[in-house]
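Q: Residues per chain are reported as follows:
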Amino acid sequence: LVILLLAPGAGQDVGRSCILVSIAGKNVMLDCGMHMGYNDDRRFPDFSYITQNGRLTDFLDCVIISHFHLDHCGALPYFSEMVGYDGPIYMTHPTKAICPILLEDYRKITVDKKGEINFFTSQMIKDCMKKVVAVHLHQTVQVDEELEIKAYYAGHVLGAAMFQIKVGCESVVYTGDYNMTPDRHLGAAWIDKCRPDLLITESTYATTIRDSKRCRERDFLKKVHETVERGGKVLIPVFALGRAQELCILLETFWERMNLKAPIYFSTGLTEKANHYYKLFITWTNQKIRKTFVQRNMFEFKHIKAFDRAFADNPGPMVVFATPGMLHAGQSLQIFRKWAGNEKNMVIMPGYCVQGTVGHKILSGQRKLEMEGRQILEVKMQVEYMSFSAHADAKGIMQLIRQAEPRNVLLVHGEAKKMEFLKQKIEQEFHVSCYMPANGETTTILTNPSIPVDISLGLLKRETAIGLLPDVKKPKLMHGTLIMKDNSFRLVSPEQALKELGLAEHQLRFTCRVHIQDPRKEHETVLRVYNHLKGVLKDYSVQHLPDGSITVESILIQATAHSEDQGTKVLLVSWTYQDEELGSYLTSLLKKGLPQSTS
Amino acid sequence: FFQYCLSGHPTLPCNVLKFKSTTIMLDCGLDMTSTLNFLPLPLVQSPRLSKLPGWVLKDGSTFLDKELKECSGHVFVDSVPEFCLPETELLDLSTVDVILISNYHCMMALPYITEYTGFAGTVYATEPTVQIGRLLMEELVNSIERVPKAQSASMWKNKEVQRLLPAPLKDAVEVSMWRKCYTMPEVNAALSKIQLVGYSQKIELFGAVQVTPLSSGYALGSSNWIIQSHYEKVSYVSGSSLLTTHPQPMDQASLKNSDVLILTGLTQIPTANPDGMVGEFCSNLAMTVRNGGNVLVPCYPSGVIYDLLECLYQYIDSAGLSNVPFYFISPVANSSLEFSQIFAEWLCHNKQTKVYLPEPPFPHAELIQTNKLKHYPSIHGDFSNDFKQPCVVFTGHPSLRFGDVVHFMELWGKSSLNTVIFTEPDFSYLDALAPYQPLAMKCVYCPIDTRLNFIQVSKLLKEVQPLHVVCPEQYTQPPPTQSHRTDLMIDCQPPPMSYRRAEVLTLPYKRRYEKIEIMPEVSNCLRIIE
Chain A
2 LVILLLAPGA GQDVGRSCIL VSIAGKNVML DCGMHMGYND DRRFPDFSYI TQNGRLTDFL
62 DCVIISHFHL DHCGALPYFS EMVGYDGPIY MTHPTKAICP ILLEDYRKIT VDKKGEINFF
122 TSQMIKDCMK KVVAVHLHQT VQVDEELEIK AYYAGHVLGA AMFQIKVGCE SVVYTGDYNM
182 TPDRHLGAAW IDKCRPDLLI TESTYATTIR DSKRCRERDF LKKVHETVER GGKVLIPVFA
242 LGRAQELCIL LETFWERMNL KAPIYFSTGL TEKANHYYKL FITWTNQKIR KTFVQRNMFE
302 FKHIKAFDRA FADNPGPMVV FATPGMLHAG QSLQIFRKWA GNEKNMVIMP GYCVQGTVGH
362 KILSGQRKLE MEGRQILEVK MQVEYMSFSA HADAKGIMQL IRQAEPRNVL LVHGEAKKME
422 FLKQKIEQEF HVSCYMPANG ETTTILTNPS IPVDISLGLL KRETAIGLLP DVKKPKLMHG
482 TLIMKDNSFR LVSPEQALKE LGLAEHQLRF TCRVHIQDPR KEHETVLRVY NHLKGVLKDY
542 SVQHLPDGSI TVESILIQAT AHSEDQGTKV LLVSWTYQDE ELGSYLTSLL KKGLPQSTS
Chain B
50 FFQYCLSGHP TLPCNVLKFK STTIMLDCGL DMTSTLNFLP LPLVQSPRLS KLPGWVLKDG
110 STFLDKELKE CSGHVFVDSV PEFCLPETEL LDLSTVDVIL ISNYHCMMAL PYITEYTGFA
170 GTVYATEPTV QIGRLLMEEL VNSIERVPKA QSASMWKNKE VQRLLPAPLK DAVEVSMWRK
230 CYTMPEVNAA LSKIQLVGYS QKIELFGAVQ VTPLSSGYAL GSSNWIIQSH YEKVSYVSGS
290 SLLTTHPQPM DQASLKNSDV LILTGLTQIP TANPDGMVGE FCSNLAMTVR NGGNVLVPCY
350 PSGVIYDLLE CLYQYIDSAG LSNVPFYFIS PVANSSLEFS QIFAEWLCHN KQTKVYLPEP
410 PFPHAELIQT NKLKHYPSIH GDFSNDFKQP CVVFTGHPSL RFGDVVHFME LWGKSSLNTV
470 IFTEPDFSYL DALAPYQPLA MKCVYCPIDT RLNFIQVSKL LKEVQPLHVV CPEQYTQPPP
530 TQSHRTDLMI DCQPPPMSYR RAEVLTLPYK RRYEKIEIMP EVSNCLRIIE
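Sequence order for the protein chains is A and B. Residue 233 in this note's numbering sits at position 232 of the first sequence, and the numbers go up by one each step. Residue 278 in this note's numbering sits at position 229 of the second sequence, and the numbers go up by one each step.
Using 27 angstroms as the maximum straight-line C-alpha spacing, the simulated BS3-like pairs for lysine-lysine come out as follows:
(1) B:403 - A:131
(2) A:292 - B:423
(3) A:127 - B:403
Computed, partial: chain B to chain A, Cβ under 8 angstroms:
(4) 248
(5) 564
(6) 575
Think of the hints as simulated: they come from the structure by calculation, not from any bench. Just so it is clear, the structure is predicted and the values come from calculations on it, not from any experiment. The beta-carbon is built from N, C-alpha and C at its ideal position, and this holds for glycine as well.
Isolated chain B, as found in the complex:
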């Protein structure tokens, strides 16, 4: 029983489990923080970006000045942004039998795995995960493909050259493995390998192992997985939430009696309280708009945005914002808003009850009907006619490196009346802003991460009592910037086994019994001896 750890990112995991001669991949997250090293892709030619000076080495040599540009003391690669893939060399990925997906954020590397490694197995995921995952991929592909970039830099990746670069480029890992974005045909091919499953559905793998998705409470259709045979049980907990937002609540009871519990996807901002952040978000938004400024919210097209819109729905009238237009700009904005309304069975109890009436479960339907919220596929076309300021714009990508958000950063960055509010926790906001410096615009950081924090984890572990806990190494020590906070790590007995990228773990458990069946022909001739 082995675990191969292919990703070092604790919230974008990719592990492979060898369990009773089946090979099971748990999630395939794509680490997109690599894109922070690249220059933004502007939709409209940006004089500022094109005038940035090339980077010159200390010794004055300029051979990299076409590939690397300098902006306010930071160095960026001037090229199509690239992503950091999970390890593909640690084991032969064509031997993977199945891939289990826990939520739509953790499947973004799927096309790289299914289309390039000889993978011939099946992928299992819930219907909302697949539909929304498709939207995220579509948005990603769209926002990169519609800004064709001639240059694809590769010189800087040379090990000898990389050594000479300033941080963080110098320390970037596995740059030779970084890949450009996949294409829509590849996305479609990858998604066609997915088989839809429902919560608590028992799926037999080759008669040897049974896997079951459970509600994890984090996003629409998000799941934890139980991987078990008759006498072993591994629980895979990834991206779970105990807060009451829109998804169905987390199923904790079914995690009990695990031999091993693999724990990933905890909150990335353990010190922030999501409720408080939502309050701050609303008040900052209101203040900016009242002062005549615009608000930019870089976000994913699904997930927390539904909760934010719901909060605003309750908030705008009382805050006197009824006349302020809210724009949601994404190639998949319409689809995302529509899809959110049809997954009644995957929603929390309150929202389910609304569907029984029948009313749409999310109030953004009403915001759209009353014209308070408008959605557009991009800034081109209808939007440019309807656009009124001051306004609030929700758009992607949260890395600020591609998508329509780049345009608004260039447009509004120079005025201190405007505010950009960061709600997605996946990217450091300072790094995200670096290529836009110097900025006059206000920046507010309200990260909303509803995933488990360390207090909730220790409660959960006490409740479900696994024999062993396995987790990324980041969770076994306090965060590097807050080394005194020993409360910000997993504390359990026996201490958790930790893993890091490209490591292979041997999981500790021992079987004593196996299940067989005695056929009626045999059992009929058995005689009992006492």
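Bound conformation, chain A alone:
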């Protein structure tokens, strides 16, 4: 049996997640992301990988979305409405709530602002969301009779989940993006020891073992504070949901403690709405926030106000959170263009930037940017990178592998070089195979599942009752007949099997002659043999019958004198096929001869 894996979009690249898993005949698509570095066809995964001819609905059993980031769900309306898919799409409740808002936001930027055509519409987003089935954490969802999926908490962003996909005894765990350390608003990812055949894990921060969170927070606050003190403006490009809330909580408490007056703004109407989602889905945040929410809801901010476009030209210091997070479009880019020329200002990039975005360019040191209309923008403001994005680092990935104990690991959503390093580390430490397929590459993993069988209770009880008390540590031999019928396996007693199949029972008996040198009378030889066996086979029932024969359990031993040589006795040992083990043991024992008797 085989787990087939195809990565149409999530191989050795951070940007767009879309993985196809084929497990025991079931096809599941994991995430349906888009690449934010591209503005052409390359932004969506190439779904022709999945099936060239025929409808996706017929081919795929279900689609699973791990969380609401666009690199994991951005292509979903395109996939379901434009390419065409009508099967079930699974995601958690918060993801189902927030995902359409981000999609609509993205659509607006692309179509309304950039004027692109041939893109999905608002109606398509709505129709797509109608196909979504929301799942609870740890709920076992029966997709069909054989395929079941189960969600685990993943941290990372509100509602992010890891998914276990299981068919019979075979299973795959897909992590999506996750975070193994709790942060200011979310808890840590957790999974039980479910021993999947394959663990598909993201590896964005494959080699980074990040310094302590506290240090990074202090650093961040210091930089913001210094800039504001000298009258500069701070731009923090963020995704509307996720990191933004964590940083808001951080700044809010800092402002309160330091009694600062400089205004903090949060761009677009999304903010308030976003915070509202956090309030309503508070059960998905970390324990501390959950515990105190009745007294004080952490997502009601006093110092942070809604941003208006006109504020960007206001004199004096300010801090602005603006979307999107990679400076590739929208308000964050607009503000960036306004402020870039002043060296007093600062832009802090709190997360990863995909290649091709303005964010990526300035982070790699580029200071002269070519904007639309061949304009050159000179960046004089300070550019800072602070890794706040909540991905598991190498340590976290290793920790998850330790928790789940997979038989194979597959790395996706990372950069090839870093993945190679992690792959070696995983193989060394856990002695499991580790794969890292490129985009569009197929990986095949062989599994070796056990076969579930029904055993008749009568047989089970009979066989465990035979002999001594069952010893948990010792294996025990069992006799039974396996019947395969109509795709079911049953282990029953041979008698029952014969009865069911209408067969007559044949008995197979082995008889063996063993020659023994013993000049004594026959019955004396028998007695010696009896005493010898009784001495050796302490745990068996050895009996001397009145007719002069000996039985060991069901094995029969008779002695006769040799017709030619009276000094030789012939032992006739006879046993049935079922007692083959004991019978051959007895024969070889007797062949060694009897011990010299003292009498």
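Fit chain B to the given chain A structure using the hints.
A: Frame of chain A, contents of chain B only:
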């Protein structure tokens, strides 16, 4: 396969199932009807209650007059109220491996079990059940602890003495087992033993048994449980509802193909229609307020109150009640209102959709915002400043024996302008009112019990087709007061097996097969013979 029945109360069950060498307790309900035998605990010194005469035996002996007081022909124990626990002697409760909780009303005896019996297992419940259960316990502990009572009566419990008392004290069962309320540290210790579960989550117990909670539609996070191995399936149905109120609808399909279905927690008022009762509730409330009277609604801090507030939200403007203040008084009022808004995933479809917008799922958020509904931890403090009459007050406890409700009964009982409306079905309203007699206040009985009625049960049983049904004995005969109503009992084939308190049942089923796995090493060397 045995079932030990530790509670005789059909809606507050406590059963223990021995199933494939695991011992599983199903619910641990606390029978609080015992408190009806006690005098109310007034928050403010009540001259009326303290002047009640002591009870004198027929032969004139007065040795009980400190413990027992008489009020309008009824006799009450003047002591800290006590609760009737589930049986603890029927089996060694330290051998219980797990406790499965079906809803927050059925976990009130948990601290007695987990803290006093040597219990060392795990408790399973959904998150709303635990959070709201905690609130109910907090309210209970709070309302009893803040009225310290010097006296703890015990003489009347003596078997020889109890025999001489008038009914219902004479017939009270197991009075020696009645216990005082637990404390907050005990509640916290008990709740710390709970492991949270989600609907349709499969939980493996020792590799032998799998248990799964299913939505039961009765309350936030309420569940029925499936207890199964590969070849046996027991369904435990407790407190389920098919009506559309705020919780997620009941999952019926997963109950199919059960060998045994244990059925508890049916409606306590089989003859009343909840919708009609809500209508009556609203019209009585409006009438009283229009006539200048106050309305008192004794209630639990969670559950039906959310539905009542939602009805009132739609009703008050059209009924011209916009200026009438609504007060919700409970030490956990604020928490309950807040918690109700954050369990989106456990709510019915309509409410879930609201959260996606994002808007709070319950309209009481708006009632609070517009100052129409105000909540207070108790009658002391802010409330006494804001208090305006005529008004509507929601407060506990529905037994009328403790909590802020006692104060309002004393305050408003003398005027016929006021009305008390009973909506909770757990206590007989006449018994609840007994220590307040004579009363001038109007009493309206609108019990709202959304749990399954007998028509729904017979439909459900036809649908899910269990091989055997097990239920409390009360469900196998018509109610004692309506013995001609043979429609008010469970009717199924084969007839249900019934149980009563302190009984042990042997459940009828037989296994024929068991599941094993053949390892690849073995299966690879198997050869097929045809």
